[in-house]
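Protein chains in written order, with this note's numbering: chain W, 1 to 193; chain D, 1001 to 1193.
Hints should not be assumed to be uniformly reliable.
[Stated by the list, open to error] Straight-line alpha carbon distances no greater than 30 Å define the calculated DSBU-like cross-link-like pairs of lysine-lysine that follow:
no., chain 1, residue 1, chain 2, residue 2
1, D, K1192, W, K192
2, W, K123, D, K1003
3, D, K1024, D, K1147
4, D, K1021, D, K1041
5, W, K123, D, K1189
6, W, K147, D, K1093
7, D, K1041, D, K1149
8, W, K123, W, K41
9, D, K1156, W, K123
10, D, K1123, W, K192
11, D, K1123, D, K1024
12, W, K147, D, K1156
13, D, K1021, W, K189
14, D, K1093, D, K1003
15, D, K1021, D, K1108
16, D, K1149, W, K149
17, W, K3, W, K189
18, W, K93, W, K123
19, W, K189, D, K1024
20, D, K1123, W, K3
These aren't lab readings, by the way, just hints derived from the structure by calculation. Remember, predicted model here, so these are calculated numbers, not experimental data.
Residue-level listing of the chains:
There are 2 protein chains.
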Amino acid sequence: MAKIITISRQYASGGSEIGRKVAKLLDIPYYDREIIDATAKESGFDPAYIERAEQSSTNSFLYNLAINGMYSQPLTDQLFAAECRVIKALAEKGPCVIVGRCADYVLKDGFDTFNVFVHSTDKFRCERICEHDNLTEDEALSVIRQKDKARRRHYKYYTERVWGDSVNYDLCINTAVSGIDLAAEIIAKLAKN
Amino acid sequence: MAKIITISRQYASGGSEIGRKVAKLLDIPYYDREIIDATAKESGFDPAYIERAEQSSTNSFLYNLAINGMYSQPLTDQLFAAECRVIKALAEKGPCVIVGRCADYVLKDGFDTFNVFVHSTDKFRCERICEHDNLTEDEALSVIRQKDKARRRHYKYYTERVWGDSVNYDLCINTAVSGIDLAAEIIAKLAKN
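Take the sequences, apply the hints, and build the full model.
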């Protein structure tokens, strides 16, 4: 079977839930927030700072120059490098599911991966957030746009690839059509193929 | 079930074969070259001309200006309009599989569609062409690049969308991982969902 399943996902599309279900179906570990804690341990960064930095869309050259000065490696880049080491160390342990954090790109050389991109309709995603976070539809849509923008920029900055370009993934799936359970079943089946 | 399954595909990725298998699994009609013949009938264009025009990547403004002059609608645009009418008429008859021809875009309003993008690795595609067309690997790779470029441009010109951008499809699948049969099974299952 494909050893490492990476899941990239639009915000609130159900990617994390699918990841947990796939891990259960295949009886392998699931890593999401665990990566933040491991990166904190390995790098000395505070977990809360890591989480903020992951979700920031301000990886621009000028931003980094202002925050970090001309000659030092930006903190966000140091953080990304630490996350890469953690992800590779986890992947070396054996089959697992890794959600987010450009893992498809980080593991592109020398690892046997099955790369997934999960997306959905605005309607499906809004319903999930409104229910979960007690937001109006307009508020939910605004959160979705912001979070997706940050993820797209983060991915582009570190990988030079286009987030959600199908040719970078083995499977892309619309959860508004598949639902969560069937998507997880299909991924588990393909990963075993 | 989703009424109309549209399949867009990288050249030699197995999309047409998958389309035929899905149609068989669901016992619904499969339309590919049939659309050329129907368009020829409806428009008076020669089928051979239609086929050439579909595969041309010269839908540029300057090209059309040179060929068609300033004031007439370019022939390729007239042809596309005729194909749209044919595709919509076929879709109105009932559930079916339609391969290529921007059908996902043509049917985006008022039709119940399940849209698929099929892609694969260069290796998988080269092997299919070398075997089928008796080409060297370099020749096969060159054909792949040319055909994909034409399809990408054609799609962009008529839809203003990016060919293979996962958010425009309900499923994108890498046949180098899934193979042809499992991809067809998954599509049939999702379309029925």
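Hints and how they fare:
This hinted pair checks out: K1192(D) and K192(W) have alpha carbons roughly 23 Å apart, not beyond 30 Å. The straight-line distance between the Cα atoms of K123(W) and K1003(D) is roughly 21 Å, inside the 30 Å bound, and the hint therefore holds. Pair hint K1024(D) plus K1147(D) holds up; C-alpha atoms about 27 Å apart against a cutoff of 30 Å. For the proposed pair K1021(D) and K1041(D), the alpha carbon gap of about 27 Å is at most 30 Å, so the pair holds.
A hinted pair counts as satisfied when its Cα atoms are at most 30 Å apart, and K123(W) with K1189(D) qualifies at roughly 23 Å. Restraint check for K147(W) and K1093(D): the C-alpha separation of about 42 Å exceeds 30 Å, so the hint is violated. Only pairs whose Cα atoms come within 30 Å are accepted, and K1041(D) paired with K1149(D) is accepted, the gap being roughly 28 Å. Our distance criterion of 30 Å between C-alpha atoms is broken by K123(W) and K41(W), whose separation comes to about 39 Å.
Taking the CA atoms of K1156(D) and K123(W), the gap is about 26 Å. The hint holds against a cut of 30 Å. Distance hint between K1123(D) and K192(W) is fulfilled; the C-alpha atoms sit about 21 Å from each other, no more than 30 Å. At most 30 Å may separate the alpha-carbon atoms for a hinted pair to count; K1123(D) and K1024(D) meet this at roughly 28 Å. Using a Cα cut-off of 30 Å, the hinted pair K147(W) and K1156(D) holds, with the two alpha carbons roughly 27 Å apart.
Simply put, K1021(D) and K189(W) have alpha-carbon atoms about 19 Å apart, close enough for the 30 Å limit, and the pair holds. Taking the CA atoms of K1093(D) and K1003(D), the gap is near 10 Å; set against the 30 Å cutoff, the hint holds. A distance of roughly 24 Å separates the Cα atoms of K1021(D) and K1108(D); the hinted pair therefore holds under the 30 Å criterion. Only pairs whose Cα atoms come within 30 Å are accepted, and K1149(D) paired with K149(W) is accepted, the gap being roughly 28 Å.
With a C-alpha separation of about 13 Å, the suggested pairing of K3(W) with K189(W) holds against the 30 Å cut-off. At roughly 39 Å between alpha-carbon atoms, K93(W) and K123(W) are farther apart than 30 Å, so this suggested pair is violated. Among the hinted pairs, K189(W) with K1024(D) is consistent with the structure: their alpha-carbon atoms are about 22 Å apart, no more than 30 Å. For the hint linking K1123(D) to K3(W), the alpha-carbon distance of about 21 Å falls within 30 Å, and the restraint holds.
Checked against the numbered hints above, the structure violates hints 6, 8 and 18; every other hint is satisfied.
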